[in-house]
Amino acid sequence: MKKIKKLLALVLLLVVLIGFLYGISISEASSHREEASRIQESVEKAAVQCYAMHGIYPKTLEELLAQYTLHLNQKDYRIFYDYNGGNIMPSIYVIERE
Amino acid sequence: MKLRKGNTILFPMVLFCVFACGSFLAILYGIDAYQTIEQRADDNFAKSTPLAYLTNKVRSQDESKGVRIENIQGKTCLVLTSQEEEAYRTLIYFQDHKLYELLIPAAREVNFSEGTLVMNVSQLDMKQEQNKITFTIKHKDTYYKQQVILRSSDKESV
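Just so you know, the sequences run in chain order A and B.
First residue of the first sequence: -3, per my numbering; consecutive thereafter.
First residue of the second sequence: 560, per my numbering; consecutive thereafter.
Just so you know, the hints here were simulated from the structure itself, not pulled from any lab data.
It is possible that part of the hints are untrue.
[As the list claims (entries may be wrong)] Straight-line C-alpha distance at most 25 angstroms; calculated DMTMM-like pairs for lysine to aspartate or glutamate:
#1 A:Lys55 <-> B:Glu645
#2 A:Lys41 <-> B:Glu688
#3 A:Lys41 <-> B:Asp655
#4 B:Lys657 <-> A:Glu30
#5 A:Lys41 <-> A:Glu58
[Said to hold, decoys possible] Listed below are several chain A residues computed to face chain B (Cβ distance under 7 angstroms; list not exhaustive):
#6 Leu3
#7 Val44
#8 Gln45
#9 Ala48
#10 Gly51
#11 Asn83
All of these numbers come straight from a predicted model, not from anything done at the bench.
C-beta atoms are modelled at their ideal positions from N, C-alpha and C, and glycine is treated no differently.
Produce the complete structure using the sequences and hints provided.
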């Protein structure tokens, strides 16, 4: 009986531990997705602000970053900035690096 | 000075609690300061950027019959028409508290669901009186207005 109790306690502990680790992994995945959309939103906002100030969209991401101080995690995320012309909103995509 | 046994445990615990509470308060203060700064930046963006953006859009296409406010499918749009060989038109419109932009060939039918999101705007009103275009936005119960006089109209009348 004592052995069964010990085994049950161990199983319960394992279940709690697995649940905890699963929860952490889910929240991590969701925070990664949020981070990517936050970066995209920041770059889009800066591009629009640049157009509002200068009447032209920056040609490259580097040009945009030179004018606006944005702290972007480019180590873990890749930012695609497709210039469509000085008067057309650029296409901006962010993907997580593998 | 000799400390009693109870005090030797209690004193470090109290010190630890004071340190933990102090750290927590410092973090809360930091969060509050950061949120205030971000809120101010957002407010500045929300009340000035849409108007500056629309003004620059008008200026970029301010040529003969290049800019007008039009009602398309029941939606008020700022229509910018290019006078190049292949005619394109840019439609800027307000929908669901957002400002959208749609670039299409002039002959193509408008499908508002294809528009690109430019920015969030709580309320936008666009009006045209002859050569004067007025943009009005509302942010936190305050109205901000921008009037743009079309230069192309002056050229036409000269």
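Status of the hints after comparison with the structure:
1. Simply put, Lys55 (chain A) and Glu645 (chain B) have alpha-carbon atoms about 23 angstroms apart, close enough for the 25 angstroms limit, and the pair holds.
2. The straight-line distance between the Cα atoms of Lys41 (chain A) and Glu688 (chain B) is roughly 31 angstroms, outside the 25 angstroms bound, and the hint therefore fails.
3. Taken as a hint, the Lys41 (chain A) and Asp655 (chain B) pair is honoured in the structure, with Cα atoms around 18 angstroms apart against an allowance of 25 angstroms.
4. Distance hint between Lys657 (chain B) and Glu30 (chain A) is fulfilled; the C-alpha atoms sit about 20 angstroms from each other, no more than 25 angstroms.
5. Using a Cα cut-off of 25 angstroms, the hinted pair Lys41 (chain A) and Glu58 (chain A) holds, with the two alpha carbons roughly 15 angstroms apart.
6. Below 7 angstroms, beta-carbon pairs count as interface contacts, and Leu3 (chain A) has none with chain B, the closest being about 37 angstroms; its hint is therefore violated.
7. Checking Val44 (chain A) against chain B by beta carbon gives a least distance of about 5 angstroms; that is within 7 angstroms, so the hint holds.
8. Interface hint at Gln45 (chain A): satisfied, since its Cβ lies 6 angstroms from the closest Cβ of chain B, which is below the 7 angstroms cut-off.
9. Hint status for Ala48 (chain A) relative to chain B: holds, with the closest Cβ pair at about 4 angstroms, below 7 angstroms.
10. A least Cβ separation of about 4 angstroms between Gly51 (chain A) and chain B falls short of the 7 angstroms threshold, and the interface hint therefore holds.
11. A distance limit of 7 angstroms between C-beta atoms decides the matter here; for Asn83 (chain A) the minimum to chain B is near 5 angstroms, and the interface restraint holds.
Checked against the numbered hints above, the structure breaks hints 2 and 6 and satisfies the rest.
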